[in-house]
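Novice: So the chains spell out like this:
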Amino acid sequence: AQSVTQLGSHVSVSEGALVLLRCNYSSSVPPYLFWYVQYPNQGLQLLLKYTSAATLVKGINGFEAEFKKSETSFHLTKPSAHMSDAAEYFCAVNVAGNQFYFGTGTSLTVIP
Amino acid sequence: NAGVMQNPRHLVRRRGQEARLRCSPMKGHSHVYWYRQLPEEGLKFMVYLQKENIIDESGMPKERFSAEFPKEGPSILRIQQVVRGDSAAYFCASSPLDSGNTIYFGEGSWLTVV
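Just so you know, the sequences run in chain order G and L.
Residues 1 to 112, numbered by this note's numbering, are exactly what the first sequence covers, in order.
Residues 1001 to 1114, numbered by this note's numbering, are exactly what the second sequence covers, in order.
None of these hints come from the bench; they were simulated from the model.
It cannot be assumed that every hint is accurate.
Claimed, not checked - Cβ-Cβ distance ranges computed for the label pairs, FRET-style:
#, chain 1, residue 1, chain 2, residue 2, range
1, L, 1010, G, 9, 36 to 44 Å
2, G, 51, L, 1058, 23 to 31 Å
3, G, 107, L, 1028, 30 to 38 Å
4, G, 58, L, 1012, 36 to 44 Å
5, G, 28, L, 1005, 33 to 41 Å
6, G, 15, L, 1054, 41 to 49 Å
7, L, 1054, G, 7, 29 to 37 Å
8, L, 1028, G, 53, 19 to 27 Å
9, G, 58, L, 1072, 39 to 47 Å
10, L, 1010, G, 55, 36 to 44 Å
11, G, 107, L, 1068, 29 to 37 Å
12, L, 1008, G, 9, 41 to 49 Å
In this text, all values refer to a predicted model and were calculated from it rather than measured experimentally.
Using N, Cα and C, we set each Cβ at its ideal position, and we do this for glycine too.
Please put together the full structure from these sequences, using the hints given.
Specialist: What follows is the structure, given as structure tokens:
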């Protein structure tokens, strides 16, 4: 069975500090992995996705994520947090047959 | 190029009434997904459909909830005899045919049951 675990339902960082949001997946076959962002009262927007082309994936708004097969992880990072990064972030995995599984989300707070 | 369109954006229903939520996928997308997001909770998968076919409804409550994606027209999520616990944001997403493609979300429909 496939699943996604996001460690830390709430993360707070100071403006300008490093952002690190954790995601671990469980999959018996190589997965496709995604990060989505949700701003209040809006739908989910794609930040980035991993499709086996390169292990380090760059997304929008300065975010990037690294696929580490040995650790079954796909953590999201951004070198310097901005106030506008405050949102809910979801990690998702897609293995086969168009089935997508989402983590429970991590709420990012940026402290001025 | 219109994205995933959901309507209504906000819906208020009294207990016992029916709620119908509509979703038009992106052009060229043949797959539709419905997710529910409860306050302070994550995204819960409900159902996955192709045109005229339910692929996976393992996340749908056994009673009162149904979904369809007809040959013509939008996908419909129908909730009969709504209760307060049905109050949530309902998100539709769509994707093209092949595995590994991104799913694109609509802006959501917020259902409030009073």
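Novice: None of the hints should be skipped; say for each whether it holds.
Specialist: Taking the hints in turn, this is what the structure says about them:
no.: 1; hint: L:1010 to G:9: 36 to 44 Å; verdict: violated (26 Å)
no.: 2; hint: G:51 to L:1058: 23 to 31 Å; verdict: holds (25 Å)
no.: 3; hint: G:107 to L:1028: 30 to 38 Å; verdict: holds (34 Å)
no.: 4; hint: G:58 to L:1012: 36 to 44 Å; verdict: holds (42 Å)
no.: 5; hint: G:28 to L:1005: 33 to 41 Å; verdict: holds (36 Å)
no.: 6; hint: G:15 to L:1054: 41 to 49 Å; verdict: holds (46 Å)
no.: 7; hint: L:1054 to G:7: 29 to 37 Å; verdict: holds (34 Å)
no.: 8; hint: L:1028 to G:53: 19 to 27 Å; verdict: holds (23 Å)
no.: 9; hint: G:58 to L:1072: 39 to 47 Å; verdict: holds (40 Å)
no.: 10; hint: L:1010 to G:55: 36 to 44 Å; verdict: holds (42 Å)
no.: 11; hint: G:107 to L:1068: 29 to 37 Å; verdict: holds (34 Å)
no.: 12; hint: L:1008 to G:9: 41 to 49 Å; verdict: violated (30 Å)
Going down the numbered hints, you'll see the structure goes against 1 and 12, while the others check out.
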